[in-house]
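Q: Each residue of the sequence shown is one higher than the one before, starting from 1 at the first, in the UniProt record's numbering.
Keep in mind that the hints were calculated from the coordinates and are not lab data. No experiment lies behind these values; they were computed from the predicted model shown. Among the hints, erroneous ones may be present.
Below, simulated DSSO-like cross-link-like pairs (lysine-lysine); rule was C-alpha separation at most 27 Å, straight line [to be verified]:
{"hint": "1", "residue 1": "Lys-263", "residue 2": "Lys-161"}
{"hint": "2", "residue 1": "Lys-161", "residue 2": "Lys-184"}
{"hint": "3", "residue 1": "Lys-168", "residue 2": "Lys-184"}
{"hint": "4", "residue 1": "Lys-106", "residue 2": "Lys-184"}
{"hint": "5", "residue 1": "Lys-36", "residue 2": "Lys-229"}
{"hint": "6", "residue 1": "Lys-263", "residue 2": "Lys-243"}
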Amino acid sequence: MTADTISGSGPASGSPQPLRLLILEADTPQPITNAKFDGYRGVFTALLTAAAESMVPPRQLSDVATITAHNIVEDMHSYPPLDDVDAVLITGSRHTAYEHDPWILKLVEYARQAIDTGRIRVVGVCFGHQIIGRAMGARLGRSDKGWEVAVTEVDLTDKGKAIFQLDKMRIHQMHRDVVLEFPKDSVPLGGNDMCPVQAMYSPGRYISVQGHPEFTGEIVSEVLTNRHKAGIFADDMYDEAMKRAPIQHDGVAIAKAFLNFMKSG
Numbered sequence: 001m002t003a004d005t006i007s008g009s010g011p012a013s014g015s016p017q018p019l020r021l022l023i024l025e026a027d028t029p030q031p032i033t034n035a036k037f038d039g040y041r042g043v044f045t046a047l048l049t050a051a052a053e054s055m056v057p058p059r060q061l062s063d064v065a066t067i068t069a070h071n072i073v074e075d076m077h078s079y080p081p082l083d084d085v086d087a088v089l090i091t092g093s094r095h096t097a098y099e100h101d102p103w104i105l106k107l108v109e110y111a112r113q114a115i116d117t118g119r120i121r122v123v124g125v126c127f128g129h130q131i132i133g134r135a136m137g138a139r140l141g142r143s144d145k146g147w148e149v150a151v152t153e154v155d156l157t158d159k160g161k162a163i164f165q166l167d168k169m170r171i172h173q174m175h176r177d178v179v180l181e182f183p184k185d186s187v188p189l190g191g192n193d194m195c196p197v198q199a200m201y202s203p204g205r206y207i208s209v210q211g212h213p214e215f216t217g218e219i220v221s222e223v224l225t226n227r228h229k230a231g232i233f234a235d236d237m238y239d240e241a242m243k244r245a246p247i248q249h250d251g252v253a254i255a256k257a258f259l260n261f262m263k264s265g
């Protein structure tokens with residue numbers, strides 16, 4: 001098990017206690033990103049810190065949440081007890097959410113149990129979005145439209161606009177696996193032509209996005225470059241995606257919606 005906790009001065013006397021957020025790391029970032037952030041726990045901590053600071057009035061992340069991380073690929077056997085967490089965030093991954101590897105099946109069951117408590121808020125990003133979909137009975141698969149990468153636009157439903165406080169979502173992407181249908185209990189938040197199930201929500205239970213609000217231009221450029229070198233991305237796709245990698249996106253606004261959801265549902 002690999003875990004760390006962000007500590008701080010905590011809330012002032014009489015203020016609500018910070019929620020206990022568990023980040024389930026389903027992969028390791030590319031080498032340069034990993035050296036800078038020390039895993040996806042660091043990438044998401046940076047994003048959530050910016051989101052807390054963007055609140056009105058600005059907040060310290062340590063007043064909003066204490067964060068513990070657990071690498072579920074390296075240690076699938078000793079998940080933290082659900083009684084010890086208030087919210088769970090499942091990261092992205094190069095792995096396939098609809099496969100039957102033991103650690104993936106374990107993650108699906110853990111996510112289902114967390115959601116079914118009715119107390120724990122579950123957040124999913126990319127692979128995590130797909131895991132939530134699978135846990136809630138939706139079909140997953142590989143998109144017949146291929147890869148969606150770098151910054152793309154997502155059309156939001158009225159509920160999506162209200163939750164994310166955006167008219168249209170711009171978000172980094174790095175996937176070709178998709179959730180093929182919205183779970184029966186979910187409220188659709190957004191989609192586009194490449195991937196109709198881009199964001200979904202169940203009040204007080206879960207919220208998820210197919211894209212990567214935690215990615216920056218530098219992070220996604222490293223992924224694109226390494227996958228291009230490995231022959232995964234053809235020259236024309238790589239060149240076009242690299243042009244969109246630096247585009248301004250709505251990661252902080254999305255993360256702020258995550259924090260609001262984790263606090264209130």
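Q: Please go over all the hints and tell whether each is borne out by the structure.
A: Hint check results:
Taking the CA atoms of Lys-263 and Lys-161, the gap is near 19 Å; set against the 27 Å cutoff, the hint holds. Only pairs whose Cα atoms come within 27 Å are accepted, and Lys-161 paired with Lys-184 is accepted, the gap being roughly 21 Å. Taken as a hint, the Lys-168 and Lys-184 pair is honoured in the structure, with Cα atoms around 24 Å apart against an allowance of 27 Å. Of the pairs offered as hints, the one joining Lys-106 and Lys-184 holds, with about 22 Å between alpha carbons and a cut-off of 27 Å not exceeded.
Straight-line distance between C-alpha atoms of Lys-36 and Lys-229 comes to about 22 Å, which keeps the hinted pair within the 27 Å bound. The suggested pairing of Lys-263 with Lys-243 is violated, with an alpha-carbon distance near 37 Å, which exceeds 27 Å.
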